[in-house]
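Student: Protein chains in written order, with the working numbering: chain A, 346 to 788; chain B, 346 to 788; chain C, 346 to 788; chain D, 346 to 788.
There's no promise every hint is true.
Heads up, the list lumps identical chains together, so a pair's fine if it works in one copy or across two of them.
[As the list claims (entries may be wrong)] Lysine-lysine pairs mimicking BS3-like chemistry, simulated, CA-CA at most 30 Å apart:
#, residue 1, residue 2
1, LYS786, LYS444
2, LYS743, LYS444
3, LYS786, LYS775
4, LYS743, LYS775
5, LYS444, LYS775
Because the hints were derived from the structure by calculation, they are not lab data.
There are 4 protein chains.
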Amino acid sequence: MSGTEAAVAQVGASGTLSADPAETYCRVREHSRALAAPLSAEDCQVQSMPDASPVKWHLGHTTWFFETFILTPHARGYVPFDPAFRVIYNSYYNTVGDKHPRPERGLLSRPSLDRVLAYRAHVDAAMRAVLAGTTQAAIAPSLRALLELGLHHEQQHQELLLTDVKHMLSVNPLYPAYAPIGEAPARATATPTPTAGWTRFTGGLVEIGHDASESTAFAFDNESPRHQVFLRPYQLADRLVSNRDYLAFIADGGYRRHELWLSDGWDRVVREGWQAPFYWRRDDEAKGASGSDGAWREFTLRGLVPLDLDAAACHLSFFEADAYARWAEARLPTEAEWEHAAAGVALQANEGALHPTAPDRVGLTQMFGAVWQWTASAYLGYPGFVTAEGAVGEYNGKFMCNQFVLRGSSVATPAGHARRTYRNFFQPEKRWQFSGLRLAKSL
Amino acid sequence: MSGTEAAVAQVGASGTLSADPAETYCRVREHSRALAAPLSAEDCQVQSMPDASPVKWHLGHTTWFFETFILTPHARGYVPFDPAFRVIYNSYYNTVGDKHPRPERGLLSRPSLDRVLAYRAHVDAAMRAVLAGTTQAAIAPSLRALLELGLHHEQQHQELLLTDVKHMLSVNPLYPAYAPIGEAPARATATPTPTAGWTRFTGGLVEIGHDASESTAFAFDNESPRHQVFLRPYQLADRLVSNRDYLAFIADGGYRRHELWLSDGWDRVVREGWQAPFYWRRDDEAKGASGSDGAWREFTLRGLVPLDLDAAACHLSFFEADAYARWAEARLPTEAEWEHAAAGVALQANEGALHPTAPDRVGLTQMFGAVWQWTASAYLGYPGFVTAEGAVGEYNGKFMCNQFVLRGSSVATPAGHARRTYRNFFQPEKRWQFSGLRLAKSL
Amino acid sequence: MSGTEAAVAQVGASGTLSADPAETYCRVREHSRALAAPLSAEDCQVQSMPDASPVKWHLGHTTWFFETFILTPHARGYVPFDPAFRVIYNSYYNTVGDKHPRPERGLLSRPSLDRVLAYRAHVDAAMRAVLAGTTQAAIAPSLRALLELGLHHEQQHQELLLTDVKHMLSVNPLYPAYAPIGEAPARATATPTPTAGWTRFTGGLVEIGHDASESTAFAFDNESPRHQVFLRPYQLADRLVSNRDYLAFIADGGYRRHELWLSDGWDRVVREGWQAPFYWRRDDEAKGASGSDGAWREFTLRGLVPLDLDAAACHLSFFEADAYARWAEARLPTEAEWEHAAAGVALQANEGALHPTAPDRVGLTQMFGAVWQWTASAYLGYPGFVTAEGAVGEYNGKFMCNQFVLRGSSVATPAGHARRTYRNFFQPEKRWQFSGLRLAKSL
Amino acid sequence: MSGTEAAVAQVGASGTLSADPAETYCRVREHSRALAAPLSAEDCQVQSMPDASPVKWHLGHTTWFFETFILTPHARGYVPFDPAFRVIYNSYYNTVGDKHPRPERGLLSRPSLDRVLAYRAHVDAAMRAVLAGTTQAAIAPSLRALLELGLHHEQQHQELLLTDVKHMLSVNPLYPAYAPIGEAPARATATPTPTAGWTRFTGGLVEIGHDASESTAFAFDNESPRHQVFLRPYQLADRLVSNRDYLAFIADGGYRRHELWLSDGWDRVVREGWQAPFYWRRDDEAKGASGSDGAWREFTLRGLVPLDLDAAACHLSFFEADAYARWAEARLPTEAEWEHAAAGVALQANEGALHPTAPDRVGLTQMFGAVWQWTASAYLGYPGFVTAEGAVGEYNGKFMCNQFVLRGSSVATPAGHARRTYRNFFQPEKRWQFSGLRLAKSL
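This is chain A alone, in the form it adopts within the complex (with noise of 0.2 Å):
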């Protein structure tokens, strides 16, 4: 997978496609390939909620996008590969017409797995011929807009591919594993985690978002206009909380105390019984022990693991971070605070960790490449916001209601995809994203 990182670190880099956009194609578009080459294609097919959608439909759906925004109307005598395609791979631009219904993705036996492989292999080959030669100097930028869009979406989709594929094994009482444990990265460090120290800001009137007008960079619409946000003083969390903050919240009857939730979120503890994160399962052994932290066991994408405590927690919802914010008496800090306080860190990325870890340094750590951190902000368009006419407007601006901004990016975000201004987003019950928190405290 080395190459490919490289490749698409080389994107990341620059926030724009390397001099040879072609090149550039090709590997993000073979890491989504390799992404699916540990499963097979039963497993390629599951879909295991509504929410999720099976890898297989991944795998089609990003080479529609290709297909359909840049191939069908700017690549002269291109032919579809299958009429039928148009329909099954929209995911939800009702502008392109109609649309095979999101919870029933998991039905389609056919296309097989082989088909969509070959799907991918038509359309790159057309796109390489779109490209042969173009170099980024030369690209139209029209064509480099939805180029860069298609590239983004795909990598959007290679998170979620992970992040659905957790879930089918999780769902299933045999627990497998979607990479051995053997391949799992050497830990950074065997050393304690540090305490959390804080990080203080001292606001004012500042920026944030996506200046499109003076950077050639790319972003998402929803990460424009850059604005003048006033901010109150504040200070961040040194690194994330990690599981072993969380079982404090647990034992102290985090689950049980309703002064702790949002009456939302406390609806759903009562009505799906929630008692801890997502993926934590307690021994069977250990029912009726003592309780002890030991009893716990994480489900990861390496299967079913001994409780890290020192890593962060994963797998929360909104609802949970912002009980357990107010429980340790802080808050969660609001998307002008993070993306002002990510405004020196480094990017990072971890592709191929497959699960956060503990952080390996002090001072301001774990912005970038462990968990997406809930903030307290709802996801709505920055003032000056508009969506760009036609289908590539569907793309964010009418998800803009009853879902909460996350900032940073995560175990499962491929190289090259992070931005300090990147602006995610889930409604506030959601957990099977790798979503965590940091607490943020007013000054």
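Chains B, C and D: place on chain A using the hints.
Tutor: Frame of chain A; chains B, C and D shown alone:
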């Protein structure tokens, strides 16, 4: 009703208790009874949907509030009217203990309306004894805060009582009226509504919110603290969107064009078959006819009446307001923009009007007393917001999730209840409140 | 109530209209009013579940039946009381046109109870005019058939009125009583219930069902035609299963042993957490105590009372009756076995008893007037059964699916309504009727 | 497939195991594999609705049956293939312990199809060892009973495998075929279907059911005991209702006339929008056209094909069959009438046909091998029916509720599986089985 209104207006005038707290208490409480007076015991019994409550429950619950938070802890020797009421009339205060399930409030034929009125008399007598001889100056601050909270709480339920009764009557195929048409106040004007103009604001770093440290006037906790917000230059429409405006949106395919809607809103339009505002009904005889504007009637508290084209459009969800604004190439104002614009606007109450009318003058109008105005702002805590300790702390903070802020007040808001800093909030799909919209644009 | 009972018993005695149809009509109709007399307008308003109807609706619908099927087609110049009632009080007659949705019957605060009583008076006056001077001999056969159907229909709703009121009161945490305990009829006996013996039948080719060609007595269409059935030798328990019997089933793990239950029944037990008959309540003080029999109370129309161990077990679903029988190494009787056994048994009514008691003698007892008895027979048409033409044909036949037959009658059945050939029917999971069981065994 | 068929036919011929139980075992088991042979691992993975199971699950569950009920208790030293399979492949046997939830069978990508086939090989080897050298005469009666039950159980799942695959393929917008059209057996006849005549029966006291004491042939427990039933004179239609017949019902408003339907059926028609049999599809091009018969296609295991007007109507629910019969002024036969009529009819299998065709001769035809025929009989225990002890007792008895009996067999029934006394059963709304109807009339 006029005596009551005068007294309540007195509360409103000062934004706080009048010189004689006992008199204020009696007048606010009496207003609830007056609102229920046109209704039979059967009318007061029915709960027409889980969002709504029976009138009888409103009358009991507001009484329970004074009994639970003032009389039981603070009035020596107070004997609760009926111990069972502690559970039956608890709305959502987990701290207070068990609650009767909200969707089952309409199942309780006992206690009877008569007994609930006796409960009110019992509690009112005890409250009068507590307040006897107390002047505004002499009243203990903690008691005073609870008294004001209780009275504003009662006023909130006065508005809900009207919206809930309206819904209950609307599901009856007989379309009964709450008040006869003959009682309608004289229409302010028969002259055509002026074309909406725009009022411009330069923005900048402005302050919004209630300053608890500087003001003795009452405000809910969610209006604090006062804080700075940076606003870009903007303009607000001088008047609310009217039924005539909204008909143009419908005629232009507003309910059939997905691109105008948020994704969750479009799902709702399709699933529930939305085609017009909540209480609009097509005239049966007109079905299949040319679809002229005259075909629509609107259900009001005075029964089913021809649509008043110049009146403010009403009973819109946030989704509809947002889609309308997008169609009109404008947007909803943020709550900060709205509050900043309201700084110089006189509060206005339309108690007894029961339905919005056309604006009666030019300039920035209908900010208060017509319909609540959806804003683009999610309902979240202000910077530095802290929830109060104990049961009273469950009043506002725990609902800060998946709701949008409405500003202003409506024809159903009791006199003296509105404030420029008031933050009303509902989920974006809700339609049974007196809710509409005012357009905004960036400059 | 005694005068009414006498008259209604007169209907029962002959199984048909008395010599004076007008008098019979008035007495049956008056009984409905008498049943509603202890209730407030609020009590008559509430619909506590979709299966149940408000008392006010029962009073209106039974009146609608006479207006729709007798007065409108047969009474010259009859003017309907209110055209809107045609829809509001239609239960399930598609032939008659639109219906108000069943689960929304409780939402109609208007028409008021007073107006429904006026409706009854209006229709009764018109009916009296139709029947004036008519004798049993002179009445036209078609009118007579409709009149009898209308009266038996009214009696069915009299039983439903009581079962529905009981449910409505049971969901109120105050557990109000329909009738004071003091009004309870003297218990028949304080002597211990005799041990249940068995009555044997040799079976063979027997006849069951109503013979419409030979009898002028009234019967519903589903009781015809009389036909031959072959029965193996069998025996029936002399008395109904008592609460004491049923407690032994519970104590032996009846609700925890899947092997005793039909698959659909077990799903219901698990999903709804069944642990005892529908209206049994554990005494709060006794929770956590030794679980002695004294811990149970039963909600009755006279309020929450200690469980009467010798009374017939009541408010059981078919699933519970079937599981009990399997546990007792017996089975439920078929409806043919039951009817064959009932041939020589006197009809008995317990109007006003409101709750079953212990049997008062030895031999085959409690066939009528205690609780309806679940049979092993699915509710299907008899051989040669034909549905009547028109709206009246919707009375019985269209419900012949997924229901089981109950035989006998209950304490809630009005005097004069029971018949040996009567086929009552409900879905197997229903529990709110006065339903219990009698054991059977093959010989 | 012909070798298998021959062997299985041998079972069918005698209604029991052939002289060589091991050979019979192998041939029945091999047939399951043969049915799955045209399918990919992805096809075998999908569960398209909770009623259906993945092919992979059928292959595993039938194997689990032999492992659990024969090998584990009876084969010394047998080592289960994988302890986890005990839960994963338990269908509904509460006695055996935990079950994987039925609606989640399609979520298990592991074990893979390859591993399930290895499981089959492991169990088959152990079974062959148990049966080695055993002759029909020598085999222990208890083992023989379990072996026959296991084989007939496997054959039931062979039919379900085909119906479930058909459903899975039908929800795919590509409408893939299970078998190519070219493989279809030659149509029996191109001559017009003869008009349906009637065959008359005098009825009387007849016997139906399997006589376990007199016969060594296999039958399920629900076919016993043999018992007497009294039948009135009746006649059965010589052939099944055809697609041509059913089109006339549709054209006459069959799906729009409430009076033709049972109440529960009509609710289903309205709620689910039924307009034709389950797998009929209107040709897209023909929409809005004259609605001629040619507009309909039918999805079959050979793909979407033009409707064969003379073939038996198929994939009808009981509700549709019942409504059709009422429209045709006839009725469904009872199961006793059907079985009595079948006494002299030869069993016929159409393995491999995959879809019903027209009758190929006159007289009473299509009793077996076309479609299962809904009867008017609820699925209940015969007089004297007793459930077997232990887990095997969960096979049939616990489902005797809210289902109707179907008689005969279908094109999907394996050779050797049908019996004249066979009682198939499904809920009245189910449509995915090969189910149709034959008319009956009383004389």
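Student: Between LYS444 and LYS775, at a C-alpha cutoff of 30 Å, which is it: within one copy, between copies, both, or neither?
Tutor: Both: 24 Å inside a chain and 28 Å across chains, each within 30 Å.
Student: One pair to classify: LYS786 and LYS775, alpha carbons no more than 30 Å apart. Within, between, both, or neither?
Tutor: For LYS786 and LYS775, only the intra-copy Cα distance (24 Å) is at most 30 Å; the inter-copy one is 34 Å.
Student: At most 30 Å between CA atoms: does that hold for LYS743 and LYS775 within a copy, between copies, both, or neither?
Tutor: Classified as both: same-chain Cα gap 19 Å, cross-chain 19 Å, threshold 30 Å.
Student: Give the relationship of LYS786 and LYS444 under a CA distance limit of 30 Å: within one copy only, between copies only, both, or neither.
Tutor: Answer is neither: 45 Å inside a copy and 34 Å across each miss the 30 Å cutoff.
Student: When no copy is specified for LYS743 and LYS444, does a C-alpha distance of 30 Å or less occur within a copy, between copies, both, or neither?
Tutor: within (17 Å within a copy, 38 Å between copies)
Checked against the numbered hints above, the structure breaks only hint 1 and satisfies the rest.
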